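Work out the full structure: start from the sequences and follow the hints.
Read top to bottom, the protein sequences are chains A and B.
Start counting the first sequence at 1; every next residue gets the next number (UniProt numbering).
Start counting the second sequence at 1; every next residue gets the next number (UniProt numbering).
Everything labelled a hint here was simulated from the structure, so no lab data went into it.
Computed from a prediction, not measured in an experiment: that's the story for all the values here.
Ideal Cβ positions, reconstructed from N, Cα and C, are used throughout, including at glycine.
Be careful, since some hints might not be right.
Pulled a few chain A residues facing chain B out of the computed Cβ check, cut under 10 Å [what the hints assert, rightly or not]:
no., residue
1, G43
2, E125
3, L162
4, T196
Calculated cross-link-like contacts (lysine to any residue; reagent style SDA-like; alpha-carbon spacing at most 25 Å) [claimed, not checked]:
no., chain 1, residue 1, chain 2, residue 2
5, A, K195, B, G75
6, A, K195, B, T21
7, B, K64, A, S192
8, A, K195, B, F148
9, A, K195, B, D23
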Amino acid sequence: MAGEKDDIIISVRGLKNSFGEQVVHEDLDLDVRRGEIIGVVGGSGTGKSVLMRSIIGLQPPDEGEVTVFGESALGQDETQAIEMRKRWGVLFQGGALFSTLTVAENVQVPLREFYPDLDLALIDEIASYKIVMSGLDASAGPKFPAELSGGMKKRAGLARALALDPDLLFLDEPTAGLDPIGAAAFDALTQSLQKTLGLTVFLITHDLDTLYAICDRVAVLADKKVIAVGTIDELLATDHPWIQEYFNGPRGRAAVASTEKQG
Amino acid sequence: MSANADFTAETKGDARTLRFTGDLSLAHLGDLSDRLDAYEDEVDRIDLSAIERMDTVGAWVVHKFARNHDAAVDGLDPDQENLIEQVEHADQPVARPPKPASPFIRVLDEVGAATITAMHTLVGLLGFFGATLVAFGNVIRHPRRFRFNATVHRFEVVGVSALGIIGLMSFLIGIVIAQQGAVQLRQFGAEVFTINLVGRITLRELGVLMTAIMVAGRSGSAFAAQLGTMKLTEEIDAMRTIGVSPMEALVLPRTLSAVLLMPLLGFYSSLIAIIGGGLLCWVSLGIPPVTFIQRIREVVPITDLYVGLVKAPVFGLIIAVAGCFQGMQVEADAEQVGLRTTAAVVQAIFLVIVLDAFFAMFFTWIGWI
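In structure tokens:
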């Protein structure tokens with residue numbers, strides 16, 4: 001069992017988050033294993049994004065422990081925090097691109113920030129191939145975020161999140177607002193990156209197709225905590241009403257059917 | 001700790017092999033890329049069997065070298081092979097923004113662009129003013145479409161909430177004018193004319209002008225920022241699809257409130273400034289309030305009040321139209337909201353001062369001096 005302990009990349013224990021009177025999380029536990037794609041689902045307002053923000057340090061929790069890469073992510077000094085941030089990439093819901101910079105410059109920001117000695121020509125090349133890898137055309141590089149569509153912004157955001165070749169990737173609803181073809185391509189991209197780079201992906205989503213297609217495990221958020229973690233088959237074996245309704249509702253069944261059709 | 005990326009070259013027969021070692025990743029790359037760029041000998045094979053780890057940056061550097069030297073890459077495990085393939089797939093010519101022109105051309109270009117923008121803004125502002133008038137006409141013909149609640153709410157935001165800050169500002173301006181005037185006039189033994197100075201300049205000019213500047217900063221900017229944000233969040237488009245005219249629902253209440261409240265605020269400001277001036281005259285020149293008020297009534301003609309009251313609604317109109325116009329011009333991104341808000345305030349104050357100069361000449365010409 002000792003080996004398995006080493007394979008936990010994110011560990012959350014006894015997390016409590018609240019906004020004023022409203023308690024979002026209470027006594028929340030979650031483990032994410034190295035190299036897996038974990039999907040986080042839950043109804044609107046169950047604090048999926050808040051959980052992600054707690055893990056990446058944007059939302060200091062009221063109580064609890066967050067451990068990432070085996071080190072506590074809370075109460076670090078600035079240098080430790082920077083070392084940790086170098087090893088993860090985050091894609092926010094709307095892309096969160098810097099609106100005054102071009103797409104290529106957006107991708108270059110983390111490179112310039114964390115590796116100031118890097119050769120400028122190499123930074124240019126890295127940004128360029130990252131943009132293409134994320135599924136954009138190379139000609140998108142000199143464009144400003146305002147000139148891009150929603151889906152292109154997400155891809156540009158992904159290129160920025162991948163700029164440092166992170167070990168850990170946080171995706172907040174990456175396929176929301178994408179057309180089905182674009183969403184499927186995004187899923188395929190996430191999976192191939194996870195395979196080739198050995199990424200661990202923390203994926204918040206509402207997209208049942210994504211859950212079925214690429215997630216190794218799914219964590220369900222409800223009643224202020226993670227009520228179940230496991231493969232979809234394992235989740236279906238539980239009798240929690242929300243989980244049953246979520247996966248066995250009309251949309252859940254449709255997603256199963258389409259997954260089976262693709263084999 | 002992983003070793004930094006490095007390479008050694010060895011020659012076996014005719015074939016030259018480059019053997020990479022260490023950690024071929026972004027954090028451990030060091031100057032490898034520069035050294036590879038400088039490497040000019042011919043290479044037939046690249047051997048990666050001795051490396052510890054490779055990420056996309058390492059794969060990119062290797063791929064680039066292999067491409068430039070036409071060398072074969074081997075010694076990879078399947079994952080690394082996949083990585084190289086992915087990078088190879090993503091190798092497209094870097095798209096760069098066009099090169100900037102020479103400084104001279106750029107200056108000309110910017111001057112020209114600024115001139116065209118200024119002209120477009122002027123035309124747009126006039127057009128927007130016209131659209132506001134049309135909306136006003138429509139509301140007069142269909143009085144039920146008038147947004148009474150929205151207008152009253154604007155009255156409060158533009159007028160009532162501004163009373164404190166405008167009062168304080170005017171009071172201090174009154175004191176400053178009286179104090180500076182007294183110091184200068186004392187040299188001629190004409191301190192008593194301080195009263196003329198305070199009474200006339202506040203009613204004719206400063207009361208309304210300072211109020212206009214304050215309202216432009218407080219409300220003109222707010223109009224631009226509100227409408228700009230609503231434009232970004234597509235609220236204005238949503239309104240149009242429901243059949244609500246943004247001109248009637250948003251622009252008209254704001255314009256009306258500014259037009260109707262500017263005279264009141266301007267008058268209030270003049271009054272407070274006179275009180276401030278009177279207080280200084282009493283404390284520093286020993287002129288009692290009763291004498292001060294009597295002198296004011298003697299030396300300030302009623303036309304001074306009219307001058308202020310005629311200008312005020314015009315200034316209010318300019319501030320509201322500039323604010324709403326700039327807000328409605330916001331497109332694309334959040335940065336524009338800031339730029340447009342600044343432009344609204346700057347234009348409003350500029351136009352107010354230009355118009356004030358014309359008013360000054362006009363009133364002199366018709367004999368209200």
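- Determine which of the earlier numbered hints do not hold for this structure and return their numbers in increasing order. Hints 1 and 8 are the ones this structure does not satisfy, whereas the remaining hints hold.
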